[in-house]
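**Q** Here is how the chains run, residue by residue.
Number of protein chains: 2
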Amino acid sequence: MPNVPSSRASRRQPLKGSSPSSPGREPVATRSPRVARRKLETRLRLLDAAFELVAQKGMDGVTITEITNAADVGFGSFYNYFDSKEGIFTALVEWLFEEFASTLDRLAAGLPDPAEAVAVSVRHTLLRAYREPVWGQLLIREGLSTRALSRGLGQRLLRDTKRGISERRFIVADELMCVFSVIGTVAAGVAAELHLSGSSKRAVRARKALRSRHEKFAESTAAIVLQAFGIKRAEAEKIARRPLPVPAQTARI
Amino acid sequence: MPNVPSSRASRRQPLKGSSPSSPGREPVATRSPRVARRKLETRLRLLDAAFELVAQKGMDGVTITEITNAADVGFGSFYNYFDSKEGIFTALVEWLFEEFASTLDRLAAGLPDPAEAVAVSVRHTLLRAYREPVWGQLLIREGLSTRALSRGLGQRLLRDTKRGISERRFIVADELMCVFSVIGTVAAGVAAELHLSGSSKRAVRARKALRSRHEKFAESTAAIVLQAFGIKRAEAEKIARRPLPVPAQTARI
Numbered sequence: 090m091p092n093v094p095s096s097r098a099s100r101r102q103p104l105k106g107s108s109p110s111s112p113g114r115e116p117v118a119t120r121s122p123r124v125a126r127r128k129l130e131t132r133l134r135l136l137d138a139a140f141e142l143v144a145q146k147g148m149d150g151v152t153i154t155e156i157t158n159a160a161d162v163g164f165g166s167f168y169n170y171f172d173s174k175e176g177i178f179t180a181l182v183e184w185l186f187e188e189f190a191s192t193l194d195r196l197a198a199g200l201p202d203p204a205e206a207v208a209v210s211v212r213h214t215l216l217r218a219y220r221e222p223v224w225g226q227l228l229i230r231e232g233l234s235t236r237a238l239s240r241g242l243g244q245r246l247l248r249d250t251k252r253g254i255s256e257r258r259f260i261v262a263d264e265l266m267c268v269f270s271v272i273g274t275v276a277a278g279v280a281a282e283l284h285l286s287g288s289s290k291r292a293v294r295a296r297k298a299l300r301s302r303h304e305k306f307a308e309s310t311a312a313i314v315l316q317a318f319g320i321k322r323a324e325a326e327k328i329a330r331r332p333l334p335v336p337a338q339t340a341r342i
Numbered sequence: 090m091p092n093v094p095s096s097r098a099s100r101r102q103p104l105k106g107s108s109p110s111s112p113g114r115e116p117v118a119t120r121s122p123r124v125a126r127r128k129l130e131t132r133l134r135l136l137d138a139a140f141e142l143v144a145q146k147g148m149d150g151v152t153i154t155e156i157t158n159a160a161d162v163g164f165g166s167f168y169n170y171f172d173s174k175e176g177i178f179t180a181l182v183e184w185l186f187e188e189f190a191s192t193l194d195r196l197a198a199g200l201p202d203p204a205e206a207v208a209v210s211v212r213h214t215l216l217r218a219y220r221e222p223v224w225g226q227l228l229i230r231e232g233l234s235t236r237a238l239s240r241g242l243g244q245r246l247l248r249d250t251k252r253g254i255s256e257r258r259f260i261v262a263d264e265l266m267c268v269f270s271v272i273g274t275v276a277a278g279v280a281a282e283l284h285l286s287g288s289s290k291r292a293v294r295a296r297k298a299l300r301s302r303h304e305k306f307a308e309s310t311a312a313i314v315l316q317a318f319g320i321k322r323a324e325a326e327k328i329a330r331r332p333l334p335v336p337a338q339t340a341r342i
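Respectively, the protein sequence lines represent chains Y and C. Per the working numbering, the very first residue in the first sequence carries number 90; after that it's consecutive. Per the working numbering, the very first residue in the second sequence carries number 90; after that it's consecutive.
What the hints contain is simulated information worked out from the structure, not anything from laboratory work. As the structure is a computational prediction, the values presented were derived from the model and not from experiment. Treat each hint with caution, since some may be false.
Treat identical chains as interchangeable: a pair holds within one or across any two.
[Stated by the list, open to error] Below, a list of computed lysine-lysine pairs in the BS3-like style, where the Cα atoms sit at most 25 Å apart:
#1 Lys-251 x Lys-305
#2 Lys-146 x Lys-321
#3 Lys-128 x Lys-174
#4 Lys-305 x Lys-327
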């Protein structure tokens, strides 16, 4: 589970899934709430800057100096928040996907059928990946990383799978295998679609057609995932095509 | 499709899937078969050296100088064969997976049931990835790359899926989605198992137990892939547990 800072100031912040390197080294009680809040704000500025830069240049091309310049933070101060470039990227990915996992939870909260909950999550994940290709690339990287199973999205997926198995909705031998199947199928689908979209100029011109194609692709992905969970084709497709629940609060999803 | 060199000498070599940068710039007719063969041998030496080095240090840590030193080839000569480090890695991955795809074809050739052919391919792929972790990492990289669908393994998977659909053995809406499901599930399974094996010292000590666990894991992966293809759980598990066909010639699989 992520370290969530426990100071009063930090609770006011929407920051989730902070990096392992982030907890203050001195007890929170010795710092004023204002100092603690300023620290969190600086940390968020660094994360925001890192995300913008990664979106522009990809993860490999970004330097710590560029991040601190963009965030208007002194180069040396960076190390008060993160151990390394790898450290801020880990925190960034964790932050993005904890936030997304919470959004999915809100969206799927009212769905009594675990199959529909899984389908909605798969579809929203793919649609966001198409809208935000950098997010999609980070998703692939995160999904196949060693952290995937212990953190936000992986944990929630495992929980939903267990629920579906215990309710005898999913007919599968192995809950972990279900998680691999979902993560892998989504990752492969995102990888393929990001490539196809990127290479097809005609498709980019016809944005509306592209959007509809992406929605259909997301539905097909959800359907095959449900088939892997032991649901028959006709029913899997029906569930995968149901109208998507709309977020209660207009979070960025 | 890969460029297969067309000289007589090259046909004697088992090399498949040579790099786009590899075809001779001068017509083959102007070179003696001996010269052509020597060129192919040098190219294979460079590829072998690259594979060994990647196995030791990972792809990012290897330099062209190290490759040419290990292959006993002059640094400048490298560029007669490949455009860049990226170029030799692309050729390496293509070569490895073309070779592997041919081996899978030989193994699955006698199987009348397309479901068993897919299951056998999935299991052999996972087992080789566990035995050769670097190969497994390259597999993940290749599987989610833009090339995956147009080359050896992807093409064969698509062919097998089409066959299963036309024989009404696979009950699915979308053949491409099947391919993403297989590629993704295998990639996620390999990623997870490589991590678990690497981090568990106890497991490494108990090699026999590990091997048996890997075999079971490969069977479970094949079973969930077959479920995604519309085969019911009990039958999917039965097919996934059938004895593996043994290669007729003892190729490296």
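**Q** Does each hint fit the structure? Answer for all of them.
**A** Hints, verified against the model:
{"no.": "1", "hint": "Lys-251 x Lys-305", "verdict": "between (27 Å within a copy, 20 Å between copies)"}
{"no.": "2", "hint": "Lys-146 x Lys-321", "verdict": "neither (43 Å within a copy, 45 Å between copies)"}
{"no.": "3", "hint": "Lys-128 x Lys-174", "verdict": "within (18 Å within a copy, 43 Å between copies)"}
{"no.": "4", "hint": "Lys-305 x Lys-327", "verdict": "within (12 Å within a copy, 33 Å between copies)"}
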